[in-house]
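Engineer: What follows is each chain in one-letter form.
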Amino acid sequence: EAGVAQSPRYKIIEKRQSVAFWCNPISGHATLYWYQQILGQGPKLLIQFQNNGVVDDSQLPKDRFSAERLKGVDSTLKIQPAKLEDSAVYLCASSLGGRGVSSYNEQFFGPGTRLTVL
Amino acid sequence: DQQVKQNSPSLSVQEGRISILNCDYTNSMFDYFLWYKKYPAEGPTFLISISSIKDKNEDGRFTVFLNKSAKHLSLHIVPSQPGDSAVYFCAASSTGTSYGKLTFGQGTILTVHP
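Heads up: the protein sequence lines correspond to chains A and B, in order.
Take the first sequence: its letter number 36 is residue 36 in the numbering used here, and every next letter is one higher.
Take the second sequence: its letter number 21 is residue 1021 in the numbering used here, and every next letter is one higher.
Extracted from the complex, chain B is given alone in its bound form (with noise of 0.2 Å):
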C-alpha cells in the first residue's frame, strides 16, 4: 500500500529553467509534508517542509505548493542550477497520531545540464 507515491522516477531540465517535481498521497490524516534531497552515497537532507494549514511556503528558489482536495503536492525550483541534481524524495506525516513517523514516495531523480 503506497501511501505517497513519486509517479515521475526521472525529470531532466536546462539549466535555468524551472524544475517541477510531484507527489501525491492516499491517506487523509497526512498534514505535514517534507521534500528531501539526496546526493549520491549521503543520507537525503531536509529541503522545505509544509503545513496543511498552508498552500503555499517559499524558501528562496525552492516553493512547495499543497493542493489538500487533490492529495497533490509539488516541488519548484527556479531557477534550476547543476548543484540541484539529485534524488528528491517527498515525504508525508501524521502529525495528530504519530510524531516523527514519516512515510516517504519512491524518489525522483532530477538531471540538471548545464
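Chain A with its partners taken away, still in its complex shape (with noise of 0.2 Å):
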C-alpha cells in the first residue's frame, strides 16, 4: 500500500513570496489533514477536510493561508504571501475516515514539506 506523498520535500522562499505544497493521501482515505509543525513543537492541524469538504478549518490563518481538495482526492496547501514565522515543516495526513474513533485518528503521515522562509 502507497503512502501519504507530499511534495515538494523542501522549500527555501523570502518573504512575501508565494508558495504552494501538494499532498496525495492514501487511496481511498476521505480525510484528509495540513498540520504545521514549527521546529520543537508538536503538529498543529490546519485544517480537515471530508472528501472535497472542509470539516476545521479554525486553525488556519485565512488571511495568508488557503487549501482546496479536488474532487475528493489530491489536497494543496497554499501561503501568500509568507512571513518568518511560517518557517516550519508542513504535515499532510490521510485517515479512513469512516465509522468508529479509530478510522478518524489514527492518521497516516506524509514525510513533510520543510519551508524556510528568509
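In short, the hints are calculated from the structure, not lab data.
Where is the CB? At the ideal position from N, CA and C, for every residue including glycine.
One thing to keep in mind: the hints can contain errors.
Keeping only pairs whose Cα atoms sit at most 25 Å apart, straight-line, the calculated PhoX-like set for lysine-lysine is [as the list claims (entries may be wrong)]:
1. B:K1068 - B:K1056
2. B:K1054 - A:K78
3. B:K1068 - B:K1101
4. B:K1071 - B:K1037
5. A:K83 - A:K11
6. B:K1071 - A:K78
7. A:K71 - B:K1056
8. B:K1101 - B:K1005
9. B:K1101 - B:K1054
10. B:K1071 - A:K44
11. B:K1101 - A:K62
12. B:K1005 - B:K1054
13. B:K1054 - B:K1037
14. A:K44 - B:K1068
15. B:K1005 - B:K1071
16. A:K44 - B:K1005
17. B:K1005 - B:K1056
18. B:K1071 - B:K1101
19. A:K71 - A:K15
20. B:K1056 - B:K1037
21. A:K62 - A:K11
22. A:K44 - A:K62
23. A:K71 - B:K1101
24. A:K11 - A:K78
Covered by chain A, according to a simulated footprint, are these stretches of chain B (three or more residues, beta-carbon under 8 Å) [as the list claims (entries may be wrong)]:
25. 1043–1057
26. 1087–1095
27. 1105–1113
Both chains are given apart, each in its own frame, so use the hints to dock them into the complex.
Structural biologist: Next comes the structure, spelled out in C-alpha cells:
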C-alpha cells in the first residue's frame, strides 16, 4: 500500500513570496489533514477535509493560507504572502474517516515539506 | 494554551531496560489518546492508542496506561531497543465533538543506547 505522498520535500523562499504544497493521500482515505509543525513543537492542525468538504479550518490563518481538495483526492496548501514565522514542516495526513473512532484518529502522515522563509 | 504536555524533552535509556514516556492533558473532553513515533525526515507513524473507557492497552513491547483522574498517560516500552530511538508524540482527541482533530504534545526524544 502506497503511503501519503507530499511534494516538494524542501522549499526556501523569501518573505512576501508565495508557495504551494501538494499532497496525495492513501487511496480510499476520505479524510485529509494539513498540519504545521514548528521546530520543537508538536504538529498543529491547520485544516481537515472530509472528501472535498472542509470539516475544520479554525486554526488556519485565512488571511494568508488557503487549501483545497479537488475531487476529494489530492490537496494543495498555499501560503501567500509568506512570513518569517511560517518557517516550519508542513505535514499532510489521511485517515479512512469512516465509522469508529480509530478510523479518524489513526492518521497516516506523509514525510512533510520543510519550508524556510528568509 | 498547551492542552497536551510532554514535560520531558528527552529521555536516555540503556538497551534492554524499560522506557517510560509521560504525557499530561488538561482538557477533560479528551477521550481518545494516541502515541506517534517520528524518525528524522519522516512523518509521524501511529504506534498505539487507548480509549478513555480503558486504563491500559498493550501491543507487543508497547503498553499505554491512562489515569483519567490525574489526566495523565504514559507509554512503556519493554525491552527498549536501539531502533526505538526517535521522537515520541502524545496526541489526544475529543471524539464526541471533533472527529479526527488531534492535539499533540511537544514530543520527547528517546535515545536507546546499545
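Engineer: Evaluate each hint against the coordinates.
Structural biologist: Verification of the hints:
no.	hint	result
1	B:K1068 - B:K1056	holds (11 Å)
2	B:K1054 - A:K78	violated (40 Å)
3	B:K1068 - B:K1101	holds (20 Å)
4	B:K1071 - B:K1037	holds (21 Å)
5	A:K83 - A:K11	holds (14 Å)
6	B:K1071 - A:K78	violated (37 Å)
7	A:K71 - B:K1056	violated (40 Å)
8	B:K1101 - B:K1005	holds (16 Å)
9	B:K1101 - B:K1054	holds (21 Å)
10	B:K1071 - A:K44	holds (21 Å)
11	B:K1101 - A:K62	holds (18 Å)
12	B:K1005 - B:K1054	holds (21 Å)
13	B:K1054 - B:K1037	holds (22 Å)
14	A:K44 - B:K1068	holds (24 Å)
15	B:K1005 - B:K1071	holds (11 Å)
16	A:K44 - B:K1005	holds (13 Å)
17	B:K1005 - B:K1056	holds (20 Å)
18	B:K1071 - B:K1101	holds (19 Å)
19	A:K71 - A:K15	violated (31 Å)
20	B:K1056 - B:K1037	holds (19 Å)
21	A:K62 - A:K11	holds (21 Å)
22	A:K44 - A:K62	holds (15 Å)
23	A:K71 - B:K1101	holds (22 Å)
24	A:K11 - A:K78	holds (13 Å)
25	1043–1057	holds (count 6)
26	1087–1095	holds (count 4)
27	1105–1113	holds (count 3)
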